[in-house]
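There are 2 protein chains.
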Amino acid sequence: MTDYTLYYWPVPFRGQFVRAVLAHVGATWNELGFNDINAERRKSPSEQIVPHMGPPVLIDHANDFAVSQTAAILLYLGRKHELLPNDAEREALTVKIIADTDDVLYEMTRYNGAQMWTPAEWQAYLPRLKRWMVVFEQTGLRHGLSARSGTLLGTDAPSVADFTATVLWGTMTDKFPSLRPLLDETAPSLAALCDRIAALPEQKKLRIKSDTDYGDAWCAGQIEASLRAVV
Amino acid sequence: MTDYTLYYWPVPFRGQFVRAVLAHVGATWNELGFNDINAERRKSPSEQIVPHMGPPVLIDHANDFAVSQTAAILLYLGRKHELLPNDAEREALTVKIIADTDDVLYEMTRYNGAQMWTPAEWQAYLPRLKRWMVVFEQTGLRHGLSARSGTLLGTDAPSVADFTATVLWGTMTDKFPSLRPLLDETAPSLAALCDRIAALPEQKKLRIKSDTDYGDAWCAGQIEASLRAVV
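Going down the list, the protein sequences come from chains A and B.
Residue numbers 39 to 269, in the numbering used here, belong to the letters of the first sequence in order.
Residue numbers 39 to 269, in the numbering used here, belong to the letters of the second sequence in order.
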């Protein structure tokens, strides 16, 4: 019997945050196909496994519990598998990192594809993307990241905050390699952390499987095409 | 000495979630003016009280701690003032409610004003807004909301989940009263919960103060004008 079932489209994007944590804790999980995810998504909320608007949804079979929303899934897994800080301040900063991540994902996809990128709009956005990198870098630096004695990011035991920050910036720059020099230049400690986390054996295995399953896709759809055309 | 300082624009929108919780726990707090918030927002992240892209930011003076992002602030206050459920499942569902709320706020403002509403787009959006109401209603109903013995929403002691759900739907329908019949019809238990929470003495006081300070504004700006034109 598998530990978890994950409902998420066959692309990295929001699903990869959950997969990274599941891989790290050595959990087994099943992923459903596009049709099953879509069928669940279109049900009346009263009939859904958890009332939700869209994936990701995670089922924890051991606890017979389902929850939607990336932030909620990450907090749940973090609590269960002891990947969260044990004080209220660093726990809140972990949630801040997750919420910042969600904002970056929305902005990079122009709100899940509500608009398409033009070269001029992408150029106008670049300073803000750079500022987001600095926000993450500085959040880490204030908690010891650069000295490799991090207490929030880059701790001895990788945490939900580490997986969130590194899946965001690492996966994005893996899939859009021309953005990697910008990350190296703007947020060198964060870039180094992305590499350290990506080098963990379970993360390497996940990367190979994801590359096989999803190819170059990041968020997919017209918005990815629009993003690729300007990046 | 005041307990907290809140950086948020002088409108309800995201700030009202924080204000509702602060009012409930009887905390004292100071709010800064537009110029101070903007000055802090424009600083280099390395010089900000907490690296952030925009408000809300909360400072807890007792702990000399600052954090940005509504979700992080609500979790922090919930932990500190014991307004969170004590099991991982309901805690995760609380985070789900906060994340769902954030999605609704983004959608209602067309992603913080990235686009403006047209009557046709608003009509096309209404079924989705209604579905969001059902998602909240059903999330509550599965945990006893209708029987007034809620274990997630509508518990004996109002929680972060209650304040989040009721500030979202209650404040929105206070400021756009023509949406209230839709809420009553679509999500009657949620609508009743909004009224019960709004009737708490501290929430009534906050409502009077906010109405005095902000008038009819909800999110303000061009996007509010665009929303008022279609609703």
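Any given hint could turn out to be false.
One copy or two, it doesn't matter: identical chains are merged, so the pair holds either way.
What the hints assert, rightly or not - Each computed DMTMM-like pair below joins lysine to aspartate or glutamate, with the alpha-carbon atoms no more than 20 Å apart:
1. Lys81 / Asp249
2. Lys168 / Asp194
3. Lys168 / Glu78
4. Lys168 / Glu85
5. Lys81 / Asp251
6. Lys242 / Asp212
7. Lys81 / Asp194
8. Lys247 / Glu85
9. Lys118 / Glu159
10. Lys168 / Asp222
11. Lys247 / Glu69
12. Lys168 / Asp254
13. Lys168 / Glu69
14. Lys168 / Glu223
15. Lys242 / Glu262
16. Lys118 / Asp212
17. Lys168 / Glu240
18. Lys168 / Asp233
19. Lys118 / Glu262
20. Lys243 / Glu159
21. Lys242 / Glu145
22. Lys243 / Glu78
23. Lys247 / Asp125
24. Lys243 / Asp102
Rather than coming from a laboratory, the hints here were simulated on the basis of the structure.
The structure displayed is predicted, hence computed values, not measured ones.
Tested hints:
no. : hint            : result
1   : Lys81 / Asp249  : neither (31 Å within a copy, 39 Å between copies)
2   : Lys168 / Asp194 : neither (27 Å within a copy, 46 Å between copies)
3   : Lys168 / Glu78  : between (37 Å within a copy, 18 Å between copies)
4   : Lys168 / Glu85  : between (43 Å within a copy, 16 Å between copies)
5   : Lys81 / Asp251  : neither (27 Å within a copy, 42 Å between copies)
6   : Lys242 / Asp212 : within (13 Å within a copy, 51 Å between copies)
7   : Lys81 / Asp194  : neither (43 Å within a copy, 31 Å between copies)
8   : Lys247 / Glu85  : neither (33 Å within a copy, 41 Å between copies)
9   : Lys118 / Glu159 : neither (42 Å within a copy, 42 Å between copies)
10  : Lys168 / Asp222 : within (11 Å within a copy, 44 Å between copies)
11  : Lys247 / Glu69  : within (13 Å within a copy, 50 Å between copies)
12  : Lys168 / Asp254 : neither (23 Å within a copy, 36 Å between copies)
13  : Lys168 / Glu69  : neither (34 Å within a copy, 29 Å between copies)
14  : Lys168 / Glu223 : within (10 Å within a copy, 45 Å between copies)
15  : Lys242 / Glu262 : neither (24 Å within a copy, 47 Å between copies)
16  : Lys118 / Asp212 : neither (29 Å within a copy, 39 Å between copies)
17  : Lys168 / Glu240 : neither (29 Å within a copy, 42 Å between copies)
18  : Lys168 / Asp233 : within (19 Å within a copy, 44 Å between copies)
19  : Lys118 / Glu262 : neither (34 Å within a copy, 41 Å between copies)
20  : Lys243 / Glu159 : neither (36 Å within a copy, 44 Å between copies)
21  : Lys242 / Glu145 : neither (28 Å within a copy, 36 Å between copies)
22  : Lys243 / Glu78  : neither (29 Å within a copy, 43 Å between copies)
23  : Lys247 / Asp125 : neither (35 Å within a copy, 34 Å between copies)
24  : Lys243 / Asp102 : neither (28 Å within a copy, 42 Å between copies)
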